[in-house]
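Visitor: Since each chain sits alone in its own frame, please combine them into the complex, following the hints.
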Amino acid sequence: MKPLIRPRSATDDHPLTKIVLSAVAVVFIALFLVMPLATVFSEALAKGWEAARDALIAPDALDAIRLTLIVAAIAVPLNMVFGLAASWCVAKFDFKGKNLLVTLIDIPFSVSPVVSGLVYVLIFGLQGWLGQDLRDHGIKIIFALPGIVLATMFVTFPFVARELIPLMTDQGRDEEEAAVSLGASGWSTFRRVTLPNVKWALLYGVLLCNARAMGEFGAVSVVSGHIRGLTDTMPLHVEVLYNDYQYVGAFAVASLLAMLALVTLGLKSLLEWRFAGEIAATHKH
Amino acid sequence: MRKTLILAAALLSTGAANAGNVTLLNVSYDPTRELYKDINGAFASDWKQKTGDTVTINMSHGGSGAQARAVIDGLDADVATLALAYDIDSIASKAKLLAPDWQKRLPQGSTPYTSTIVFLVRKGNPWKIKDWPDLIKPGVHVVTPNPKTSGGARWSYLAAWAYAEKAPGGNAAKAKAFVAELYKHVPVLDTGARGATTTFAQRGIGDVLLSWENEAHLALKEAGGDKFQIVYPSNSILAEPPVAVVDKNVDRHGTRKVAEAYLQFLYTKPAQEIEAKDFYRPRDASVLAAHSADFPKIALYTIDDVFGGWTKAQQVHFSDGGMFDQIYKPGQ
Numbered sequence: 003m004k005p006l007i008r009p010r011s012a013t014d015d016h017p018l019t020k021i022v023l024s025a026v027a028v029v030f031i032a033l034f035l036v037m038p039l040a041t042v043f044s045e046a047l048a049k050g051w052e053a054a055r056d057a058l059i060a061p062d063a064l065d066a067i068r069l070t071l072i073v074a075a076i077a078v079p080l081n082m083v084f085g086l087a088a089s090w091c092v093a094k095f096d097f098k099g100k101n102l103l104v105t106l107i108d109i110p111f112s113v114s115p116v117v118s119g120l121v122y123v124l125i126f127g128l129q130g131w132l133g134q135d136l137r138d139h140g141i142k143i144i145f146a147l148p149g150i151v152l153a154t155m156f157v158t159f160p161f162v163a164r165e166l167i168p169l170m171t172d173q174g175r176d177e178e179e180a181a182v183s184l185g186a187s188g189w190s191t192f193r194r195v196t197l198p199n200v201k202w203a204l205l206y207g208v209l210l211c212n213a214r215a216m217g218e219f220g221a222v223s224v225v226s227g228h229i230r231g232l233t234d235t236m237p238l239h240v241e242v243l244y245n246d247y248q249y250v251g252a253f254a255v256a257s258l259l260a261m262l263a264l265v266t267l268g269l270k271s272l273l274e275w276r277f278a279g280e281i282a283a284t285h286k287h
Numbered sequence: 278m279r280k281t282l283i284l285a286a287a288l289l290s291t292g293a294a295n296a297g298n299v300t301l302l303n304v305s306y307d308p309t310r311e312l313y314k315d316i317n318g319a320f321a322s323d324w325k326q327k328t329g330d331t332v333t334i335n336m337s338h339g340g341s342g343a344q345a346r347a348v349i350d351g352l353d354a355d356v357a358t359l360a361l362a363y364d365i366d367s368i369a370s371k372a373k374l375l376a377p378d379w380q381k382r383l384p385q386g387s388t389p390y391t392s393t394i395v396f397l398v399r400k401g402n403p404w405k406i407k408d409w410p411d412l413i414k415p416g417v418h419v420v421t422p423n424p425k426t427s428g429g430a431r432w433s434y435l436a437a438w439a440y441a442e443k444a445p446g447g448n449a450a451k452a453k454a455f456v457a458e459l460y461k462h463v464p465v466l467d468t469g470a471r472g473a474t475t476t477f478a479q480r481g482i483g484d485v486l487l488s489w490e491n492e493a494h495l496a497l498k499e500a501g502g503d504k505f506q507i508v509y510p511s512n513s514i515l516a517e518p519p520v521a522v523v524d525k526n527v528d529r530h531g532t533r534k535v536a537e538a539y540l541q542f543l544y545t546k547p548a549q550e551i552e553a554k555d556f557y558r559p560r561d562a563s564v565l566a567a568h569s570a571d572f573p574k575i576a577l578y579t580i581d582d583v584f585g586g587w588t589k590a591q592q593v594h595f596s597d598g599g600m601f602d603q604i605y606k607p608g609q
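Heads up: the protein sequence lines correspond to chains A and B, in order. Our numbering runs 2 ahead of the 1-based position in the first sequence. Our numbering runs 277 ahead of the 1-based position in the second sequence.
For the record, the hints were derived by calculation from the structure and aren't laboratory data. Nothing here was measured: the structure is a model prediction, and the numbers come from that model. Incorrect hints may have been included.
[Unchecked claim] Capping the alpha-carbon separation at 25 Å, the derived lysine-lysine pairs in PhoX-like fashion look like this:
no.: 1; chain 1: B; residue 1: Lys371; chain 2: B; residue 2: Lys325
no.: 2; chain 1: B; residue 1: Lys504; chain 2: A; residue 2: Lys49
no.: 3; chain 1: B; residue 1: Lys325; chain 2: B; residue 2: Lys498
no.: 4; chain 1: B; residue 1: Lys498; chain 2: A; residue 2: Lys49
Chain B on its own, in the form it takes in the complex (with noise of 0.2 Å):
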């Protein structure tokens, strides 16, 4: 039975990939969409000189959590670029696609370029948002995607926790207290961070956006004119979007060499400077210096620091059961 419906598939298959070209799949999070195709034209043209060979790069986009369940699924993906660690873990111990000391292999913990969670607001701050404790002001509106589903959502989550136990007599509960709260005030959970964004700027939802930085940013140039503006808090997350090569599938295509080159390009100058200007926060210190107008310094607390990294967030805090499905009662 299985032989005969292999045999059917191999029939209706699409068949080899095309010889001489080199290409690659790079499954990303929902807002890197600019960022790749500025990266990926830059890298293309860099490999072009050096090899000789002409390397497309085909790009899918999606909310991370999704995007590492395709690529768990069977999305042939050579290189998985995503919001958070253990979107690439998950790939790594259900799938068993690569090792799972990945995020030892590039520099920075395979973290080329970071962000941050940064608050959009509407034109002249009517609410006259600030700070964290702002968020959950009465009559207050706050738009924020889906954690279970978004890398954003995650991050801006535990932006908001970390300010409550960090701040000055903060502890635990008092941070479950103060994130309870606060999701009271989102009226709609969106599932991806671009779709948060569009119901905050197009439909005009909400009072303030807990978005990625870049996000931010991107949102306030699409607008145009002054109809946003974007508060940075006294604190918030260091958030640090992994990139790796996906073993399994780049030998089976034979791309291990290039997919390689394409994640080490992302650390060199000139893909720095693309990633600062479309608003990731540049891992070189001489980049991020020229362009600090754009990346104002706030304290930063990182995931390993508040949580004890990825898993142990994930276990705790979205899982199942866990401080989010504990915290969040739809419609109350």
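Chain A with its partners taken away, still in its complex shape (with noise of 0.2 Å):
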């Protein structure tokens, strides 16, 4: 692979810095990007396309991806409305504990998910503060769907509400206001002119978070309980199938995941791309 090196520059830098620059950067995207996605691929396809297939439609590998979408399916939409309520709070509001809210926002990036999956097993788990009475009401929590999805919710919480705050802030409340002054009510100032103004930065917050329900493996292994065709998701069962010495589906199963890591990332590129001038405009700079 040829770095690709422009000779036009705006900066007096040595050319052999740039080259330099370029180079090293080249590969170590390279080495610590692109290798190991690509080995991936070509660990699933080790033994053919139709082991991989078949690894792929295996029950368990089914159940896993069914559970996958699932969670996905019930945790992303929940965050795409609770991210945006607390975006449209800590932007358009002032009130007393703002700083204090968008720190708890953060508080799932700053944690490691194995210590928010241990938290549900300390509220809902058997010898914790919920656990008997959940039992007692033969309700399951934690080593079950519910459990899963919380655990999901938790992690997932920010991508929405990080990607909408800045804009949001940076957009300020003038047309707010004078939406209200004009007469709209507070849900259709919100409706028609609070939302059209970010929904692209809504729509990518919702695919980061959705990559990230469907990808989550500490916070999920923790509360999942690892049964079998019930409660393994997409990860979990990868690192199953690694451990049961099937190495084609474990990749199998890996590369679809990472498949929705570079769906993602073209849906990102081609919004970006296709509506680059309605993204500029609504940024107010």
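Guide: Right, here's the structure in full:
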């Protein structure tokens, strides 16, 4: 692979410096990003297409894919609503404790996912705060779907809000104030002014949130219980297959996850390219 | 507050179990994946024949200590099939989910099969490893998981200790020195037996793997060809992985009858055959005799003889600040 060096430059750096810097960047990206990704796909296809396909349509793999999709289908829309509400609150209103709220939103970014999973075990586990009551009522939270959804939601909570807060703060509240002074209700102000202004950032936040929701390992691993065909999500199933000596299967499922990441990136680039003008217009610089 | 939360939880919850079919959850340790896959199929058809009911057995695998912890925290196991008695003891003592005398309910201390700890070395045995003292030759790297989390690792540790203490002229102080020296040869501690096997076999780390006998045979089979070979030391430990019905869970699920039948099935001849085929030493003498080629006779110490039982062994060796913490200093 040859680095792309543009001869026309806006700086006076020595050409050699630029060549070296670019080469370092390209080598770094190739070594740490492209090669591992390529390995995932090549390992998946090590025994041909059929073997990889068979691994993906095995009952346990299908169950893991189904569970992952269900979890994302619950967690992502809820986090979209929560993220939108939180960033609307933070960006458009002044209130006591606003900084505290912003800090709280960031907690899942700073806490290790394993710890977030353990928190749910401490609350809902049999020895935890609610454990015995839940069991008496026949309700399962951890080691079942609700726990996996909760852990996923916790970990992916900041993605939407973190995309929206800077943009919404940037946009200020002039347009909303204008709408309200012209007699628009709160809801219609939100729907017709606020939402259209942030739709691309929102979509991008949702994409990232979804990618993480489907790929989360640590927190889900703690609350899953690892029951095959029931509580193993795709990332957990990759580990199971790898430990079962089923390397083709493990990498086949892993390459599905990798493809999800590539599609996310592709969609993001597509959005940025297609709607570059609109996205720029919503930023008031 | 709690009421509201529970109501909210009820709305979220997945609800009732499937009616009609019986479902069991077997929470097991790491290397039994292949064993229970085979056993579950055999038991399901046996049960169908006897009662007409369809039984589905769900599996959860992981490090034995971690799995016990999960059951204590509410993982809804009907039966626990773990690597060592102490882990089921802790389910009984910490969560009170089964009676303290659970081990007396089934024959042979509720251990339908046994195993031992052997050495897996690379092709041709380049370090000429024949017995325990060879493990501490300068330059030898030993792979074994963390005794704090892995059942197999605890058996490995105790096997090394028993060797040194029972060797001619041996005593507890010499055993401590030997085991301390041994762990200086361990470059990395995985959390579970299967993780350690992949570290050794797939990632090519280390010169010798201290392994469950069944795990070593499986690695040999999976690798194909002659990449590895098994070395039997002059003596080792009789590893007894026990099984138990988790009383409170089966009574709540109404699955006691089938759960008990499932564990009793493990002692039947067809099941003992499957266990031998998956390289667990069967209790049945005739089945063991038929597979004697796979299970060389070596001297096996028991945990009761050398360590006075699991409760004591756990307390002395693996508790916080215990013997293992004293001898194992990472990075030295």
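Visitor: Decide if the proposed pair is consistent with the structure: lysine 371(B) and lysine 325(B), CA atoms, cutoff 25 Å inclusive.
Guide: 36 Å, violated
Visitor: For lysine 325(B) and lysine 498(B), compute the direct alpha-carbon distance and say whether it is at most 25 Å.
Guide: 32 Å, violated
Visitor: Decide if the proposed pair is consistent with the structure: lysine 504(B) and lysine 49(A), CA atoms, cutoff 25 Å inclusive.
Guide: Since the Cα atoms of lysine 504(B) and lysine 49(A) sit roughly 20 Å apart, the hinted pair holds (cutoff 25 Å).
Visitor: Are the Cα positions of lysine 498(B) and lysine 49(A) separated by 25 Å at most?
Guide: Given that 25 Å is the threshold and the Cα spacing comes to 19 Å, the pair holds.
Consistency with the previously given hints fails for numbers 1, 3, ordered from lowest to highest.
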